[in-house]
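Q: Read top to bottom, the protein sequences are chains A and B.
Going by the numbering used here, the first residue of the first sequence is number 24, and it counts up by one from there.
Going by the numbering used here, the first residue of the second sequence is number 24, and it counts up by one from there.
Simulated from the structure, these hints should not be mistaken for lab results.
It is possible that some hints are incorrect.
Copies of one chain are not kept apart here, so a pair can be met inside one copy or by any two copies together.
[As the list claims (entries may be wrong)] Calculated lysine-lysine pairs in the BS3-like style (CA-CA distance at most 30 Å, straight line): (1) K293 to K84; (2) K312 to K157; (3) K290 to K107; (4) K107 to K155; (5) K208 to K87; (6) K87 to K293; (7) K87 to K230.
Protein chains: 2
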Amino acid sequence: MAKEDKTYTIGLDIGGTKMNAVFFDGEKVIADDSLATPRDSLEHFLVMVKALVDPMLEKAKEIKARIEGVGLGIAGVIDYSEDKMLVSPNLEILNNIKLTEKISAMFELPVKMDNDGNTFILAEATLGAGKKHKNVYGIVIGTGIGGGWFKDDEIYRAVHGGSGEPGEMIIDFAEPVFLEEAYHKLTQNNPAQMAEEAYRGDVLAGKVFEEVGDFLGIALANIANLIAPEVIVIGGGVLESSDLFLSRAKKKMREHIASPILKKQLKIVKAKLGSNAGAVGAALLAQPK
Amino acid sequence: MAKEDKTYTIGLDIGGTKMNAVFFDGEKVIADDSLATPRDSLEHFLVMVKALVDPMLEKAKEIKARIEGVGLGIAGVIDYSEDKMLVSPNLEILNNIKLTEKISAMFELPVKMDNDGNTFILAEATLGAGKKHKNVYGIVIGTGIGGGWFKDDEIYRAVHGGSGEPGEMIIDFAEPVFLEEAYHKLTQNNPAQMAEEAYRGDVLAGKVFEEVGDFLGIALANIANLIAPEVIVIGGGVLESSDLFLSRAKKKMREHIASPILKKQLKIVKAKLGSNAGAVGAALLAQPK
Chain A
24 MAKEDKTYTI
34 GLDIGGTKMN
44 AVFFDGEKVI
54 ADDSLATPRD
64 SLEHFLVMVK
74 ALVDPMLEKA
84 KEIKARIEGV
94 GLGIAGVIDY
104 SEDKMLVSPN
114 LEILNNIKLT
124 EKISAMFELP
134 VKMDNDGNTF
144 ILAEATLGAG
154 KKHKNVYGIV
164 IGTGIGGGWF
174 KDDEIYRAVH
184 GGSGEPGEMI
194 IDFAEPVFLE
204 EAYHKLTQNN
214 PAQMAEEAYR
224 GDVLAGKVFE
234 EVGDFLGIAL
244 ANIANLIAPE
254 VIVIGGGVLE
264 SSDLFLSRAK
274 KKMREHIASP
284 ILKKQLKIVK
294 AKLGSNAGAV
304 GAALLAQPK
Chain B
24 MAKEDKTYTI
34 GLDIGGTKMN
44 AVFFDGEKVI
54 ADDSLATPRD
64 SLEHFLVMVK
74 ALVDPMLEKA
84 KEIKARIEGV
94 GLGIAGVIDY
104 SEDKMLVSPN
114 LEILNNIKLT
124 EKISAMFELP
134 VKMDNDGNTF
144 ILAEATLGAG
154 KKHKNVYGIV
164 IGTGIGGGWF
174 KDDEIYRAVH
184 GGSGEPGEMI
194 IDFAEPVFLE
204 EAYHKLTQNN
214 PAQMAEEAYR
224 GDVLAGKVFE
234 EVGDFLGIAL
244 ANIANLIAPE
254 VIVIGGGVLE
264 SSDLFLSRAK
274 KKMREHIASP
284 ILKKQLKIVK
294 AKLGSNAGAV
304 GAALLAQPK
């Protein structure tokens, strides 16, 4: 039976290859599921979203829980004033679409949408590795590199949007290359495969992750010198191979932080909510204010 | 005669080569003056601060204005919890000194201290080029490269301090070099001289400023992609030669901003308060809350 004092929502983390959904009671995940993300057409995409969410709505009926809304976390640049996806790097079918309206019509529920870096850090700062801190930055390294910033109990939002894109950090001013590009190039677009080779003892693959550690460390130092958060939470698929690069990244970061206090105090932690973090954040986003 | 409703303070901008002071009535500068910054000893430094401020205190007496406090803007990392200068890059005599206590004892007035990037942006966002905006980032390019961020009517302050250091941005991850270092190297530690040569038609000097424009543009894009302010105010001595690099910097920046809205909306403007900006910000800082 549903508890009266709980707030039930559904959260969807829509990635370039996988869509992950959770049925959430405000504190914990009641059910979760995932499906491959259709990239061929918007119609197909919406059908699969329905296939993912409908069983959760059924489940809610069973336990007599009233669903308050649906939240979406998606990689890309969102026009918050129009609630419209402007540039979706992984899902071109979503470009210039008012996705919230379409999904809201489908389920007859209020729908909120945010960048997946924002939903990730909302979840981790509220319930995960950043809990108890006031100023938490998050970096998600998966298909792409995203990020978000949680400060004074809310997601940081810029007036015109477009903030929180650490993957767009330029790593060489003379020959402008974005961090995300460099990461793709280094790992030959397949970090999981590259990690497997490194674990098997392949020296070159091991070196690739040393370099990933160095690059990430300097990116973390750039973020630290600019906004000096208390904690930076690292998430995404890359965590499965974090022992290949994370301690190196931390060392490199500390070498390049200007403030001696910050150098000592800044914590780098791994995400705690695992692969559900983005979807849980989307579910939190959907809670009525 | 002093007006009853005005708040009179004194602001000092303490640079690596020059100290600039203003006597400020809350809206405008009543008197300003500057002296070379002594770098040999703390005692000498304090004597010269007194020489700079005493005539302003006299002036205040003349017009029967009650001075409410003194504000200091200084380059360096400040420990705000102890109100102590930790690392002063240009003035080693100030390292690990509780400067506010010493200056407060000297004038028998409350003294507040902040990073000069913060005092610069406090002044420009309150009274200068960033007025009417809610989210204003400032970069000051002078002896060094400093910065500050003014958001929702206050200076952004990180929990452990150490934020707002765009000069510490790393411009080449493979061979870590800070932006400030690269700027010094490019301009051979003498940007004013280099600018003079460029104006005289020296081709190589002209190329140096083109490169300064490119580097600055990419640094601006990095700041934009991370925190997406409404306006970035450029200040400092470099403004005198801004026609050598600023339009190039803007173009380069727009090429590397991820969000199409931000690319269109973000304004890059020149500081309006001229060489007094830092001191005016320090004077604003000294106003009782």
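Q: All hints, please: hold or fail.
A: Evaluated hints:
Within a single copy, K293 and K84 get their C-alpha atoms no closer than 36 Å, and across copies no closer than 60 Å, so neither meets the 30 Å cut-off. Taking the closest pair of Cα atoms, K312 and K157 come within 30 Å of each other both inside a single copy (20 Å) and across two copies (24 Å). With identical chains, the CA atoms of K290 and K107 are at most 30 Å apart between copies only, with a shortest distance of 23 Å across copies and 35 Å within one. Proximity of K107 to K155 under the C-alpha cut-off of 30 Å is restricted to the inter-copy arrangement: shortest distance 27 Å between copies versus 32 Å within a copy.
Proximity of K208 to K87 under the C-alpha cut-off of 30 Å is found in neither arrangement, the shortest distances being 50 Å within a copy and 68 Å between copies. When the C-alpha separation of K87 and K293 is checked against a cutoff of 30 Å, the pair qualifies neither within a copy, at 36 Å, nor between copies, at 60 Å. Neither within a single protomer nor between protomers do K87 and K230 lie at most 30 Å apart by alpha-carbon distance, with minima of 54 Å and 71 Å respectively.
Checked against the numbered hints above, the structure breaks hints 1, 5, 6, 7 and satisfies the rest.
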